[in-house]
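Read off the chains here:
Protein chains: 2
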Amino acid sequence: MSKIVLYMSMSLDGFITGPEDGVDHPLGINGRRLHEWFNDGGTDPASHRPSSDPSAQVFDEMLATGAVITGRRTFDIAHQWGGDHHDGVQIFVLTRKAPTENRWDNVHYVTDGIESCVAQAKKAAGNRNVLLHGAYTAQECLRAQLLDEMEVALIPVLLGEGRRLFEDLGRDHIELEILRTLEAPEVTHLRYRVQAK
Amino acid sequence: MSKIVLYMSMSLDGFITGPEDGVDHPLGINGRRLHEWFNDGGTDPASHRPSSDPSAQVFDEMLATGAVITGRRTFDIAHQWGGDHHDGVQIFVLTRKAPTENRWDNVHYVTDGIESCVAQAKKAAGNRNVLLHGAYTAQECLRAQLLDEMEVALIPVLLGEGRRLFEDLGRDHIELEILRTLEAPEVTHLRYRVQAK
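As you go down the protein sequences, you meet chains A and B in turn.
Okay, so the first sequence: first residue is 1 according to the numbering used here, each after it adds one.
Okay, so the second sequence: first residue is 1 according to the numbering used here, each after it adds one.
So here's chain A without its partners, still in its complex pose (with noise of 0.2 Å):
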């Protein structure tokens, strides 16, 4: 059965980019610092692969997936992946108002909440699992218990300011069940369930 599984880059201190994400700095001043186990691999998006086995199998797995759930902000940010994330699977933008021209056939803005975004996606992947990108919209589906898993690549860097991927989740507790630990020289790579409460 398919799964909504948040694929995300952090570091120890829990930064997703560095101060001032926007247009101009993607990922924030120096945030490019965490997607270098992505990138090792070479700077060509249609070829890049990282280097260690552990960080290609997670990469791999991300890659396998059958849908992609967005938010709006990370989508732009993103110049909109060109239209395809990977091998043209459907990408689910999360917003609050869809743009009035859409130039992507695979893309559909979904503004009917977070409940809506998720069944839509599942449907789209079938068998396999969705890829959730975006710290906001990470939150969204945590607050609604509709994440199932979690593959942080958790980056050996104290970023000391910037976008957090955890914030705003009350005090209710979260239990997550260690699923797996992968270990490459520059990352570790986490992946959790997200328990039902």
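Worth double-checking, as some hints may not be accurate.
Some but not every residue of chain B turned toward chain A, in silico, with C-beta under 10 Å [to be verified]:
1. Ser11
2. Gly14
3. His25
4. Pro26
5. Val157
6. Leu158
7. Leu159
8. Arg171
9. Pro185
Covered stretches of chain B, as calculated for chain A (at least 3 residues, CB under 8 Å) [what the hints assert, rightly or not]:
10. 85-96
11. 175-182
12. 188-194
Hints listed in this document are in silico derivations from the structure and should not be mistaken for laboratory results.
Computed from a predicted structure; not experimentally measured.
Yeah, the Cβ is synthetic: ideal placement off N, Cα and C, and Gly gets one too.
Starting from the known structure of chain A, fit chain B onto it as the hints suggest.
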């Protein structure tokens, strides 16, 4: 040579206590969740030892340190560890103003800053490492580039609110080197070297 090693338990979302930490709730509301890995071998402080091998190893290493540095807040909330954190090693408490009374032979209040505190603790530890406890003191140490290593017990839970381990570090990155990852069923033990700037 003696190294300063931070030992802390942290939730995946970066908290070392639940909300409203203080004398009533030393680890904040429900913050004891973070120390379960540590206490699962029993609640008698004189004999408890974690039940899993990886956690027991980290525990033993912690108790092999030759001196302790702690912040005043952590020290008081922990009821001053009854004057003895482990094996009667010297305890150095970083504070702005020493109390008028000090009941413990092994406890030294240090009021002239983190550099002095580190120097005194290293001297007392001899060839052994120095255990560092407390978020604020860790931040002081990081900013002064005096922290050598970190042993983070990463707990599979999102606390949502509480006191963060890493805060107010500024926007200069602090690079870490992954030294070791130990996987226990209920905690991931991450050891890092703090790289010089």
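Here's how the hints hold up against the structure:
With 10 Å as the threshold, the beta carbon of Ser11 (chain B) comes within range of chain A, its nearest partner Cβ sitting at about 8 Å, so the hint holds. The interface hint given for Gly14 (chain B) is met, as the beta carbon of that residue sits about 4 Å from the closest beta carbon of chain A, less than 10 Å. Here the hint on His25 (chain B) is broken, as its CB sits about 12 Å from the closest CB of chain A, past 10 Å. The beta carbon of Pro26 (chain B) is not positioned within 10 Å of any beta carbon in chain A (closest approach about 17 Å), and the interface hint is therefore violated.
Evaluation of the Val157 (chain B) hint against chain A yields a held restraint, the C-beta minimum of about 5 Å falling below 10 Å. Look at Leu158 (chain B): its Cβ gets to within about 4 Å of chain A, closer than 10 Å, so that hint holds up. Taking 10 Å as the C-beta cut-off, the interface hint given for Leu159 (chain B) holds, the closest approach to chain A being about 6 Å. Because the smallest distance between the Cβ of Arg171 (chain B) and any Cβ of chain A comes to about 4 Å, under 10 Å, the interface hint for this residue holds.
Given the 10 Å rule on beta carbons, the hint for Pro185 (chain B) holds: about 7 Å separates it from the nearest Cβ of chain A. Residue count for the segment 85-96 of chain B with a Cβ under 8 Å from a Cβ of chain A: 0. That is fewer than the three needed, and the coverage hint is violated. Counting residues of the segment 175-182 of chain B whose CB falls under 8 Å from any CB of chain A gives 5; the rule of at least 3 is met. Beta-carbon proximity to chain A at under 8 Å applies to 3 residues in the segment 188-194 of chain B; the threshold of 3 is reached and the given coverage holds.
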